[in-house]
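Protein sequence lines correspond, in order, to chains P and B. To convert, count from 1 in the first sequence and add 3; that's my numbering. To convert, count from 1 in the second sequence and add 96; that's my numbering.
Since the hints were made in silico from the structure, they are not lab data. Computed from a predicted model, the values in this text were never measured in an experiment. Glycine included, each C-beta is placed from N, C-alpha and C at the ideal position. Certain hints may be false.
[To be verified] For the chain P half of the interface with chain B, some residues (derived, Cβ under 8 Å), not all of them: (1) T82; (2) L89; (3) A90; (4) L93; (5) S94; (6) M96; (7) P97.
Listed below are the residues making up each chain.
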Amino acid sequence: MLTSSPFLAGCAGIQSALDPAGVEADAVAALFWVMVAGAAVIWLAVMGVLYYATRRDRVVHSETFAGRVILWAGAILPTLILTALLAYGLSMMPRLRPWDARAAEDAPLRIEVVGEQFWWRVTYHRDGMEPVVSANEIRMPVGERVTFTLRSADVIHAFWIPSLGGKMDMIPGRENTLTLEATKAGIYRGPCAEFCGSSHALMALAAVVMETGAFDEWLARQAEPSPGVGENEAGRAAFLANGCGACHAVAGTEANGTIGPDLSHLGSRVTLGAGIVENSKAGIGRFIAETDHVKPGVRMPAYRALPDEEIDAIAGWLKGLE
Amino acid sequence: MRLIPREVESLWTLFTAPVIWAGHFLAAYIGAAVFCAKQDLLPFGFGGVRAYIAAITLLALAGIVLAGFLAWRQWGFGAEDPPHQGWSREDRRRFQGFATLLLCALSLVAVVFTAMPAIFIAECNP
Ligand SMILES: [Cu+2]
Numbered sequence: 004m005l006t007s008s009p010f011l012a013g014c015a016g017i018q019s020a021l022d023p024a025g026v027e028a029d030a031v032a033a034l035f036w037v038m039v040a041g042a043a044v045i046w047l048a049v050m051g052v053l054y055y056a057t058r059r060d061r062v063v064h065s066e067t068f069a070g071r072v073i074l075w076a077g078a079i080l081p082t083l084i085l086t087a088l089l090a091y092g093l094s095m096m097p098r099l100r101p102w103d104a105r106a107a108e109d110a111p112l113r114i115e116v117v118g119e120q121f122w123w124r125v126t127y128h129r130d131g132m133e134p135v136v137s138a139n140e141i142r143m144p145v146g147e148r149v150t151f152t153l154r155s156a157d158v159i160h161a162f163w164i165p166s167l168g169g170k171m172d173m174i175p176g177r178e179n180t181l182t183l184e185a186t187k188a189g190i191y192r193g194p195c196a197e198f199c200g201s202s203h204a205l206m207a208l209a210a211v212v213m214e215t216g217a218f219d220e221w222l223a224r225q226a227e228p229s230p231g232v233g234e235n236e237a238g239r240a241a242f243l244a245n246g247c248g249a250c251h252a253v254a255g256t257e258a259n260g261t262i263g264p265d266l267s268h269l270g271s272r273v274t275l276g277a278g279i280v281e282n283s284k285a286g287i288g289r290f291i292a293e294t295d296h297v298k299p300g301v302r303m304p305a306y307r308a309l310p311d312e313e314i315d316a317i318a319g320w321l322k323g324l325e
Numbered sequence: 097m098r099l100i101p102r103e104v105e106s107l108w109t110l111f112t113a114p115v116i117w118a119g120h121f122l123a124a125y126i127g128a129a130v131f132c133a134k135q136d137l138l139p140f141g142f143g144g145v146r147a148y149i150a151a152i153t154l155l156a157l158a159g160i161v162l163a164g165f166l167a168w169r170q171w172g173f174g175a176e177d178p179p180h181q182g183w184s185r186e187d188r189r190r191f192q193g194f195a196t197l198l199l200c201a202l203s204l205v206a207v208v209f210t211a212m213p214a215i216f217i218a219e220c221n222p
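Isolated chain B, as found in the complex (with noise of 0.2 Å):
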């Protein structure tokens, strides 16, 4: 069994961390939605909100990471400055290693800041 996966050549994989990235904001706030439609039902309190979004916060930013290593490995960590634009096999899974590096980078930042409300709102406003 491999650690990391090997690699593969697939345009899909440019879409890894844009995926995680929708995932984590859908279930961040359709589970602080249902959260507050329901508190009434449920035994924990918005700290239970809180930690459910870190939770899903920490697997997201894994995730991300590891696409991006992943990116990084297919751009060849680096070996050749951009744009990669000739006609070439290689020029064209450099183009793509980097431009998935790019994605991965904006895909973190974005869930960072999906997330950072959760560490300033306490409770659920009606």
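Chain P extracted, bound-state conformation (with noise of 0.2 Å):
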């Protein structure tokens, strides 16, 4: 049990592919299933075979014997047994990847997400709604199939949420496309799959999957500017100062940067810093002092020479952007 638990650990949880909260990862977990158990089948008999040809009080057999062992052993039945597996394998492609063009295109909701060293833009694009801007986090309503469109702004990064679904890649030039259907409400996580740069390993993004209604209620919210912006008039001031609307926007302010991720409700997140920090008023101000050292090599300058006082004006300030 001990030593078996670091593993099992593996098996459950935010993201895992074993712990399937989607129906594209229902078949992949099935298929992960089959093929272990196969594979176990396979060892047990080979093993048994080994154990047979080195017991000491062994019989000798004839050669025809042997050569009948081999022909059918170690040739017919392997090919049969990976004729069945490659069939069961690719009878599940269609439900891997469930594709029709024409619904993908004027699917309900269509979320579209560029990777970028090292974070996630992302626009929902909702039936009967202007497009809603957001980053480093996906929402999408339980029970409904989400259209996903995957670019990328820089190198190649890859995108993959294992509770939910199969990966993606997300290609500089290219525009590919993956529908996700997730069957039970939950928070996971999608860690980037492809190295993309230094700062690969923290490039991760929060899937929060909601009810239908609260969705679309949290989505209305989102397409208008946070209450907050009106509050601690001290950090809002200092943000718009120290030029942060240069590379970011802040929806009800002169703050329309497009450089970095829309923080207009930043303080509604899950996580911060494309899911490596806490998203708490001392995560963000640590986020703005030290932004190298939280992240090497991220496209944002460390404001580590600004007074405490005013960095921590504006993480009270961008917390507040629920």
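Put the two chains together into one complex, using the hints given.
Okay, here's the thing in structure tokens:
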């Protein structure tokens, strides 16, 4: 128990393909278990034969018999097993990558995700709504098929939420389409799954699966400026005075930069800095002052020269943007 | 005219089946790729690709079965068991026939595995 528990820990949790919460992830998990079972049976059979061949009081078989064993057990049987496993795996392809060009094109919810070193730009296209911009977090309704349009702004990244489905690359100059349907509400995690630079390991996103009604309410709130914009006067002034708005947009202020993540509703995100820092006032302050320590190679200058009170004020204001 | 080719003594017949396998592989993958890139210009749907793959697969299998039969004949229809490692010309002939037969079996399976996706995949997925 003690020795196996570190391995079993990988079988559950927010980032496990073995604890599926989506239609595609169910198929991946089923495929995995069938393959494991098949491999176990083959392994046991091979070990059995090995034991038989190394017994002390073994019988000597004729050459004809040995030749027949090689033909049937060494060539024909493995071919049949491989054929069966291949057929099973292939038969799953349509389920692993459900694809219907027309359905994807006018899906009621399309989420555009752009991988950038080292964060995710996210835009929601919901039927009958203006596009809603966000970052570093995906929210989607449970039980609804969602289309993802995946792109990259610089190098290859890969989009993968193991609890919900398979992985797909984000390739510069290309648009890849993935569709996912979540079956269980909850918070999951998706790491960038293709090496993309010094902070590749610090690039992840939170995937929040919500009940449909709650999702639409949430999206409607995201479409409007946060009520927190008007609070913490000093924090907002410092944010604007230090030029943060050249790279970051905050709806309801003159900050409209598009180089970095949209911060309009930063306060209500599950994580900070693309899944690596706790989203608290202290966490935001630390990200602003020690950006390059928190995330080596990041495209945001560290503001360690700013006085603590100013950083504190900015962090307080940003945390209030819910 | 003979229906079945005369036996030739050449090393090249050893490669017939693997060459058919390689040709089938390329024809299947390139055909599907070209269809998916140009499907808007083509008058038929993905069903056409599947029919095409079925046709080249049957063709390839027929070729491999024929090559297999010739190899079986070269081997002397199994009159003697391998490994055929003597010094005689007869041994060399049998060895090559047997090796060719094994390669035919491998290529047969490979062609079937190459074609199997067409049974399950019914559309281009960008
Ligand atoms: Cu990345």
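| message | Min Cβ distance, P:T82 to chain B: is it shorter than 8 Å? | response | Holds, about 6 Å.
| When the least beta-carbon distance from P:M96 to chain B is tested against 8 Å, hint result | holds (6 Å)
| said: Tell me if the interface restraint on P:L89 is satisfied: Cβ within less than 8 Å of some Cβ in chain B. | reply: Because about 6 Å separates P:L89 from the closest Cβ in chain B, which is inside the 8 Å limit, the hint holds.
| Can P:A90 be said to touch chain B, with a Cβ gap under 8 Å? | Constraint on P:A90 satisfied, holds at 7 Å.
| message | Quick check on P:S94 please, does its C-beta sit within 8 Å of some C-beta on chain B? | response | At about 5 Å, which falls below the 8 Å cut-off, the nearest Cβ of chain B leaves the hint on P:S94 intact, so it holds.
| task | Tell me if P:P97 is really an interface residue toward chain B, meaning its C-beta lies closer than 8 Å to one of theirs. | result | holds (7 Å)
| said: Under 8 Å is the threshold here; is the Cβ of P:L93 close enough to any Cβ of chain B for the hint to stand? | reply: Since chain B brings a Cβ to about 4 Å from P:L93, closer than 8 Å, the hint holds.
When held up to the earlier numbered hints, the structure conflicts with none and fits them all.
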